[in-house]
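Spelled out from the first residue to the last, the chains are:
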Amino acid sequence: MEQSDLAMIADGLERILTDAPLEAMDHAGGVDAHSDALWNNLSEAGYPKLCVSQEHGGFGGTFADAASLAQIVARHAVALPLTDTIFASGLLSECGVETPDLRIAIADPLDPSAPIPHAAQVDAVLRCGEGKVTLERLSETEIIPQAKAEDGAGFWSGVGGDVIAEGTAPGWLNARSFQAIAAFSRAASMAGALEAVLSLTLSYTQEREQFGRPLAKFQAIQHHLADIACETAASMAAVEMASDAITGDPLCGTYILDEIAIAKIRCGEAVSRVSAAAHQAHGAMGFTREYALGRYTRRLWQWQDEFGSEALWAERLGSNILAEESPVLWPRISRPI
Amino acid sequence: MFNFPRLEFDASADSLRRDVRTFLDAELASGGFVPAADCWVSAADPEFSRKMGQHGWLGMTWPTQYGGGDRPVAHRFVVTEEMLAAGAPVAAHWIADRQTGSHILRYGTEQQKREILPRIAAGECFTAIGMSEPQAGSDLAAIQTSAQRTDNGWRLSGRKIWSTGAHYSQYMIVLARTSPAEGRNRQVGLSQFLVDLSLPGIDISGIKDLGGTPHFNETLFDNVDLPADALLGTEGNGWAQCMGELTLERSGPERFLTSLAVLEQALPTIARQADSRRASEVGSILANLRVLRRMSLGIAQMLEDGESPATAASVVKEMGNRLENDIVARLRAMLAGIARSDWPDGFDTLLREAVLHLPSNTLRGGTTEILRGIIAREMGMR
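Read top to bottom, the protein sequences are chains U and C.
Here the numbering used here is used: the first residue of the first sequence is 1, the next is one more, and so on.
Here the numbering used here is used: the first residue of the second sequence is 1, the next is one more, and so on.
Treat the hints as calculated values from the structure; they're not laboratory data.
The structure displayed is predicted, hence computed values, not measured ones.
All C-beta atoms, glycine included, are put in the ideal place defined by N, C-alpha and C.
There's no promise every hint is true.
Now the in silico label distances, taken between C-beta atoms and shown as ranges [to be verified]:
{"id": "1", "chain 1": "C", "residue 1": "K208", "chain 2": "U", "residue 2": "E325", "range": "38 to 48 Å"}
{"id": "2", "chain 1": "C", "residue 1": "N3", "chain 2": "U", "residue 2": "E324", "range": "32 to 42 Å"}
{"id": "3", "chain 1": "C", "residue 1": "L28", "chain 2": "U", "residue 2": "E324", "range": "53 to 63 Å"}
{"id": "4", "chain 1": "U", "residue 1": "M285", "chain 2": "C", "residue 2": "D25", "range": "37 to 47 Å"}
{"id": "5", "chain 1": "C", "residue 1": "S12", "chain 2": "U", "residue 2": "A175", "range": "36 to 46 Å"}
To be clear about the criterion: a stretch of chain C counts as covered by chain U if any three or more of its residues have a C-beta under 8 Å from a C-beta of chain U, and this derived list gives those stretches [said to hold, decoys possible]:
{"id": "6", "region": "136-148"}
{"id": "7", "region": "258-271"}
{"id": "8", "region": "286-300"}
{"id": "9", "region": "369-380"}
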């Protein structure tokens with residue numbers, strides 16, 4: 001996809017989400033009238049099919065293009081499975097399956113006991129098996145809601161699961177790369193939400209006064225904000241780097257898996273630091289259910305763990321290096337981007 | 001402030017990288033150097049600098065008429081990062097190549113450019129930074145060093161401190177007050193001077209750092225007569241020029257690759273005792289280093305495009321410094337439980353050096369506190 005086309009699509013999404021009612025953004029899970037209306041709006045505009053091939057009626061975008069939209073979705077704290085549906089539809093399309101108009105979740109193939117993100121908000125779940133992917137129906141009765149989860153995450157009860165569609169996985173797609181693509185969507189989401197946390201914390205500390213002056217004038221608070229800015233910048237750079245790798249090699253080689261690992265690690269680490277600093281700067285207000293900060297940090301903490309936490313990816317990446325005959329970091333650090 | 005453009009390496013950069021690695025391997029094999037921690041500050045070897053000059057690896061981006069290589073910024077990045085990763089003795093020329101040369105190119109007279117730049121590019125002329133003073137550290141605008149106009153030029157008086165390598169340098173760029181502050185605005189009335197350190201009235205005395213290495217200095221300027229053309233750039237524009245210099249100083253790979261040479265030496269030892277704890281540390285360090293490098297490359301690209309990304313440079317230095325210290329702490333954690341008899345030869349010394357250099361990472365070139373202040377100001381908080 002041309003960058004100018006992507007920019008146009010991104011602008012359109014930005015506009016729709018800016019105009020959407022808050023009710024469609026801020027609810028813990030499930031589906032309601034507000035989110036239904038917003039979904040229909042997005043669906044009619046074709047957003048869920050960003051990565052679906054043109055012959056299947058999509059835009060033919062890459063997963064790097066999907067990451068751009070994922071950041072926007074996260075920045076608006078949208079309580080809809082749009083990011084997952086975009087990535088899942090793209091994966092289905094890669095497997096030659098024409099995606100039906102459904103809301104789709106993605107199950108982690110390497111951690112079958114993990115909760116399925118968005119489970120209560122979707123019609124179906126995409127799973128990766130040996131040499132194939134399957135799209136299975138997921139109805140509310142088959143879900144055990146995860147306690148205190150955002151966006152309807154839940155555990156699969158193990159019943160039901162009628163197959164809606166099945167596709168043969170291309171050579172590059174296996175459980176490992178499938179999980180990596182999903183992890184990449186979370187890295188992008190984290191980067192987007194971190195941006196929102198930065199601007200929210202900035203405006204709060206500039207408005208809120210204590211000791212007769214805005215919090216932003218206190219050096220200790222400025223340092224929290226500088227920290228948030230640095231970590232956000234690093235997260236965005238990490239996602240960009242992985243995006244460049246994906247754009248350069250759509251066949252998802254080892255190199256891409258490494259770059260995705262780096263993005264998931266770096267964004268995950270940033271979330272811990274940023275959420276601590278942002279909540280500290282917000283005081284008790286940020287610890288309330290109503291205030292907007294939690295809309296982001298609750299999701300960020302969830303995304304940290306989905307499709308492999310930063311600890312898991314770091315261990316995997318580090319193990320590969322330490323298993324080499326002459327372990328050395330520099331060739332990996334200095335690899336051309 | 002979050003837009004770090006992508007800097008691309010083409011085939012010529014890749015072939016340059018191979019040449020540099022071949023050179024470094026040969027130097028290492030022949031005992032030309034022993035890898036050092038913090039090599040760009042503590043490991044000065046004029047002979048090594050001259051060799052780099054002969055290869056055309058200094059002043060790489062400057063015009064050929066001044067001894068430069070007229071090469072893209074990506075090429076200079078390749079050479080500097082390879083040197084740092086190897087822990088090569090690059091301290092002698094580091095400041096001249098990184099910032100003084102570019103500064104002379106931008107603000108110097110034609111004669112200065114013709115006389116000094118080719119010598120820097122040959123690895124035969126080294127320079128020092130004259131910003132801090134005994135009473136003016138983070139509060140740089142509080143400097144007391146002054147320059148008064150004379151019939152033939154300027155007379156410089158004052159003291160500069162923490163100047164790395166002044167004892168082997170031929171020149172120092174000195175920030176001095178040339179007219180009084182305007183009320184509370186102390187950033188006006190400052191000017192930069194390109195000072196020949198062989199002039200009478202200059203006394204340089206070494207200061208040992210925490211680990212005992214005499215790498216930095218205090219320099220006394222006792223009524224030093226400077227020629228008129230020693231004024232670098234515009235009179236009264238010293239503050240802005242200084243900030244431009246600091247952008248060059250803050251964003252390079254030396255802000256996050258200082259401890260890597262130490263870690264690399266220990267990696268085979270660590271690998272023999274590989275477990276999930278050690279693997280996690282290695283994976284996280286790789287992720288952090290690679291992302292910072294991406295950001296640093298982006299700044300190099302912005303500088304080449306003629307921008308002055310001061311805030312982005314502060315972001316890279318702040319995170320890089322934090323990471324440097326983190327790497328040494330994590331390295332110690334990974335070594336815990338591995339008998340010293342299994343460590344590589346000389347590694348204990350290298351690690352001691354790295355530990356003793358830790359405090360300087362978050363101080364030199366702008367403290368963490370100053371950098372965070374710059375970032376906060378960019379966001380409109382100050």
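The hints, checked one at a time:
1. The hinted range of 38 to 48 Å is satisfied by C/K208 and U/E325, whose Cβ atoms lie roughly 42 Å apart.
2. At about 35 Å, the beta-carbon gap between C/N3 and U/E324 stays in the expected band of 32 to 42 Å.
3. Checked against the given bound of 53 to 63 Å, the beta carbons of C/L28 and U/E324, roughly 20 Å apart, lie outside it.
4. Between U/M285 and C/D25, the C-beta spacing of about 58 Å breaks the proposed range 37 to 47 Å.
5. At about 40 Å, the beta-carbon gap between C/S12 and U/A175 stays in the expected band of 36 to 46 Å.
6. For a cut-off of 8 Å, the count of residues in the region 136-148 of chain C with a CB near a CB of chain U stands at 0, and the three-residue condition is violated.
7. Coverage of a stretch by a chain is defined here by at least three residues with a beta carbon nearer than 8 Å to that chain's beta carbons; for the region 258-271 of chain C and chain U the count is 7, and the condition holds.
8. Requiring three or more residues with a Cβ within less than 8 Å of a Cβ of chain U, the coverage given for the region 286-300 of chain C holds, as 12 such residues are present.
9. Counting residues of the region 369-380 of chain C whose C-beta sits closer than 8 Å to any C-beta of chain U gives 8, which meets the bar of three, so the coverage hint holds.
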